[in-house]
Amino acid sequence: MEYKPIRKVVSGNYAAAYAVKHARVQVVAAYPITPQTSIIEKIAEFIANGEVENLQYVPVESEHSAMAATIGASATGARAFTATSAQGLALMHEMLHWASGARLPIVMVDVNRAMAPPWSVWDDQTDSLAQRDTGWMQFYAENNQEVYDGVLMAFKIAETVNVPAMVVESAFILSHTYDVVEMIPQELVDEFLPLRKPLYDLADFEREPFSVGALATPADYYEFRYKLAKAHEEAKEVIRKVGQEFGERFGRDYSQMIETYRTEDADFVFMGMGSLMGTVKQAVDLLREEGYKVGAAKVRWFRPFPKEELYELARNVDGIAVLDRNYSFGMEGILFTEAKGALYNTDAKPLMKNYIVGLGGRDFTVNDVRKIAENMKAIIEKGELDVEVEWYHLKR
Amino acid sequence: MNTLFGEKKAEAKKIVFTSVEQYPEAPISLGTTLSNFTGDWRTFIPVVNEEKCVKCYICWKFCPEPAIYIKPDGYVAVDYDYCKGCGICANECPTNAITMEKEEK
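From first to last, the protein sequence lines are chains A and B.
Each residue of the first sequence is one higher than the one before, starting from 1 at the first, in the numbering used here.
Each residue of the second sequence is one higher than the one before, starting from 1001 at the first, in the numbering used here.
Chain B with its partners taken away, still in its complex shape (with noise of 0.2 Å):
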């Protein structure tokens, strides 16, 4: 199951290549979505209520980007650096666990 990437993410730094002989034979890309966040656009996130929260992870299989993660102790929560705000989870969240806000920037 997916863990919090926090540490992977600190790490991650976008790679720079100086000579066409570092570049990889065709194009291909390895973990560049750790240095590149993809949740700037929204303008509603989703807020997790764990006392409605039944750890049914629909909203963790439903995820596009996939921005949700089951924490340690088995509630879900929401990666802010890649969640675009699409509102797929809190629809299909059965017990109404997850609303969407509206952002504060």
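The following block holds chain A by itself, in its conformation from the complex (with noise of 0.2 Å):
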């Protein structure tokens, strides 16, 4: 079959649960926060219209309770999914752990929202971030096609490496806003996401009686905590196969766990993840018109993180500044510490400086790029940092 995009305008929002659909998914549990709202409303709307087959949605009272059915759904061989933000991702903290322990390959949209106190619905990374040790992998989404696709693609690499996967996105930066999103006819997607092969299939009743997560002794439970790390490792390469197929298959090139853009001759690149990357792509194409060699590096995958493409970038150029719009209290920006510990035993020593933006869904414009691309100039040709850590937006 032919491959013939259906152009729909939606929101970030519905490009998740277009692709939830598309994905045939088989059970949805999930509860309502803003901003993911919507994801959970159109499935149920879908259902609501028989416009899907074999979807059951589960209602539950918290997103603990949200994970937990996912989790025993995903453990009977199903297909899964759920969607949260900020309070209600952490709310799920600790079943996140069972999700990614039990190798349940779970697909979890997470609509990026600042955490609170002060009470804020507005974007920010810091709560999907803090989820960075529970063993799931992490896509960030530019733009509401990164939503539709990166569903799409983490069930298949989740499925394959029996790990789950988060797909984040922007409050309302993506989650409210409408674009165009190229969706791909249910044949084809039917043929790039078969039906989901479970490791262990708990409804199998021809096989000897087992039980899941059980308990390990100091014995045994370090051996399981390397497979999942090993796991983590493998998922690398089914990232970059995956996305190549994608590419292949829909036009759209996922091979690249860091997308680089214009970084081929640049002098240095900013680097940072989520849809903050195409302000930055937007300025990048401006300053080199103003005669600034600079390029962009989007972070698309945080974990498993990408540490081979980042070197490739950085030992090419002299600095890099991590936009981060997130922040870990008593260091510095999340992905700034992950890229210098990244770096730290090789050859590549670009001057790395970071900048914290956006926090709470603070304005972040091409004006500021500029800014930013002015103070890493004169760092750079003095050859030493003024700060490590800058709060760009500070009222000074």
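Note that these hints are calculated values from the structure, not bench results.
Owing to the predicted nature of the structure, the values given are computational and were not obtained by experimental measurement.
Do not take every clue at face value.
Said to hold, decoys possible - Calculated pairs, EDC-like style, for lysine to aspartate or glutamate (alpha carbon to alpha carbon, straight line, at most 16 Å):
hint: 1; chain 1: A; residue 1: Lys307; chain 2: A; residue 2: Glu233
hint: 2; chain 1: A; residue 1: Lys197; chain 2: B; residue 2: Glu1025
hint: 3; chain 1: A; residue 1: Lys227; chain 2: B; residue 2: Glu1021
hint: 4; chain 1: A; residue 1: Lys230; chain 2: B; residue 2: Glu1025
hint: 5; chain 1: A; residue 1: Lys227; chain 2: B; residue 2: Glu1025
hint: 6; chain 1: A; residue 1: Lys349; chain 2: A; residue 2: Glu388
hint: 7; chain 1: A; residue 1: Lys230; chain 2: B; residue 2: Glu1021
Could you use the hints to bring the two separately framed chains together as a complex?
This is the structure in structure tokens:
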């Protein structure tokens, strides 16, 4: 069948819901929270209209239960999905470990929202990054198209390595903003994403009975952790392969875990994740016209962390401006810590500076990127940092 | 219906993995309860009086472990390797055929 995309004008949340429908998800258990609500509303609407077959929606009383029900569904062999934001994700935290520890390929959309207090419903990456060590893979979408593509790919990748995956989009900037999304006809999605083959099928009554997530004494626990660590390492290769396959089939290539934009001859690059990188790419084009040799490096997959690609990038530039829409208190921006740490034992030593931007939905514009570029140029010429971490928007 | 696991229990031994490759990909366990006796903590044990038993099997259905099995002759018996002495069977038995008695160790 020839690929003819179906173009729809949808919000990021609706893009996620359509991807869930096209992925033929069997169980959705979710609890509404702004700005995630319209994802699960749309899924409920699909069910009410009879647009989906074999999709069970489990209404639950909290996010902890949402993840628990999703885990139960996934353990029986079903393709399971949920979505949440900020405080909801934090409430799920305990169950996130159960999902990854039991090696269940659940896919969840997290709509990035700032943690309270002060109460905020706007964009901020600290909620998802606080779940960094739960053993979930994390994909950060730049636009609505990447939300749709991300969910489809996440299922395929998760089900190959049996590790759950989070697809992360920005509150309101993507979740409630409408854009053209190219959707894939159902038959082609089915070809790309066949039915799930579970690692251990609880519903297989022919095999010997077994229990899931059982006790492991100090004699055995360690080995199971190693297996999960190894699965994350293997996932890198799977991510690149699936991303390439997606490109060959549907024209959008995701084989790079760090998407590089005009970095070939760049003196320095801006690095960041999610929707703010769209602004950065736009700014890079303008700055190039003004004579700045700059590029953008968008980290698509934060877990597993693409060390190898970061090294390739870092050894060819003089400086990296890491834009963090998140913060780890007592340290610095989270991506900044990760990027510096990944390069420590290599010969790549670009000047790296951390800019804390856009927390709690603070606007981040092309003009801001220009100011950061001016600052980066100055410190690279001088050969030393002014400050390591700059709170860029601070009212002084 | 459940039968006595005596033979299986005698065969069961703890699985010991000596290299990481031998472990299953996900933490699942196969028949570990066969070798892992969970009935060590109780104070009281249920004792079945076959003269009163009417073979209704309510105890068998209610046992949370499940430690009650049905013998070939149709009467119920308790597998004391797994019975935790919770007393639910005695409480539910409609003919009071099961009584909780202090265990002598």
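These are the hints, each one checked on the structure:
1. A/Lys307 to A/Glu233: Status holds; Cα separation ~11 Å.
2. A/Lys197 to B/Glu1025: 14 Å, holds
3. A/Lys227 to B/Glu1021: 9 Å, holds
4. A/Lys230 to B/Glu1025: Since the Cα atoms of A/Lys230 and B/Glu1025 sit roughly 10 Å apart, the hinted pair holds (cutoff 16 Å).
5. A/Lys227 to B/Glu1025: Holds, at about 7 Å.
6. A/Lys349 to A/Glu388: Distance of about 15 Å is within 16 Å: holds.
7. A/Lys230 to B/Glu1021: This hinted pair holds, its Cα atoms lying about 12 Å apart.
The structure fails none of the hints (numbered hints given earlier).
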